[in-house]
Amino acid sequence: MKAGVVLPVVFYALSLSPAVLAGSYSLNQTNVGKDFLTNFEWEDITDPTQGRVNYVNQSTAVANNLTFTSDDAFIMRADYTTNLTASGPGRMSNRIKSYAQYRDHVAVFDIRHMPQGCATWPAVWEADDQVGSSAGEVDILEGVNDAPPNSVTLHTNGTCTMPDNNESQLGSRLSTECSSLSTLDDGNNGCSVDAPYTASYGKVFNTYGGGYYALERTAAFIRVWFWSRNDTGIPSDISSGASAINTSKWGTPIAFFPNTNCSLASLFQRNNIIIDLTFCGSWAGSSYSNNGCPGNCTDYVNYNASAFQDAYWDFAAVRIYQPSSNSTNSTPSLAQSGGDAALLSFVFSVLIGWAASLL
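Residues -22 to -1, 1 to 337 (mature numbering (1 follows the signal peptide of the UniProt record, and there is no 0)) are what the sequence shown spells out, left to right.
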């Protein structure tokens, strides 16, 4: 292609980025207290990660005080009073899934406390668990055995890779292959980013009174932010639970997944929000000893009921936002503050490199 054709195309593409609408979203659903009981279903299923857990239905959870609410809190916990038999069911716990499904959206999780302790594997994630990774999966808050930091991970089918760098994010990229067919050295799969703060997970997270996690999902990128409860930089629209938010004001996320070499629009379908707590299993069990936990993971779960007294979720709220109705494009602007400046620079360099290769 001639330079006279390539360069106008490049400059036209560059000229578009400031005009793309900013990340403006409007409140779609607020979940506080009893709202969780009506907007989420309890999945009393066999744990797909082979955990030592017995997921119960909502009525069983309520009857056993494993789920309860107040005007401003939703508690979801594991049983911590009953020792188990080796041949019997696992430790009672909860796995809930939103009735609603989402594509482009922002989800804000105001969490006061998360499950902590050896053998625990808590997670806040988005997926369609009826079809698995073919609909894409975003693990927003996940870890095992009380070992920080939080890991943010994508799981997909097909070809999906991330840049081998930490541009436009505060966290550290651990892996670039998002496909569930690509197995990592630790036996897990997906493309992961470790948060840069120990306060992002487990006991330290709880010590500071929890914090806020926010996910933004678009066809152009997926981003996750975290602010600890005592962070002086928490955006006001986050802390106030505002009816309208603007992600362009939130600064650099802890994790950033662009669509550069991954068709997010096709690999990610409508997903549910899922919140759960399992024990041992394919990850927490395999890394149990390496995380400094005593004895055998399964025995620990079976015979140490009181060890799980702090294995509970306390949600102040989960708020869902969707692209504002006055938007003509649900993809947030690349010309934004903080980490978005780095993103814009990255896009420019890709375009210019592509143009140069065609000259």
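Incorrect hints may appear among the rest.
What the hints assert, rightly or not - Derived DEER-like restraints, expressed as beta-carbon distance ranges:
no., residue 1, residue 2, range
1, 277, 229, 42 to 48 Å
2, 109, 59, 33 to 39 Å
3, 61, 37, 21 to 27 Å
4, 112, 181, 43 to 49 Å
5, 210, 43, 34 to 40 Å
If you are wondering where the hints come from, they were derived from the structure by calculation, not from laboratory data.
We treat Cβ as the ideally placed atom computed from N, Cα and C, and that holds for glycine.
Okay, the hints, checked on the actual structure:
1. 277 x 229: 42 to 48 Å: Holds, since residue 277 and residue 229 (Cβ atoms, about 45 Å apart) stay within the stated range.
2. 109 x 59: 33 to 39 Å: Check passed, 37 Å falls within 33 to 39 Å.
3. 61 x 37: 21 to 27 Å: holds, 24 Å
4. 112 x 181: 43 to 49 Å: Since residue 112 and residue 181 have Cβ atoms about 35 Å apart, the given range 43 to 49 Å is violated.
5. 210 x 43: 34 to 40 Å: holds, 37 Å
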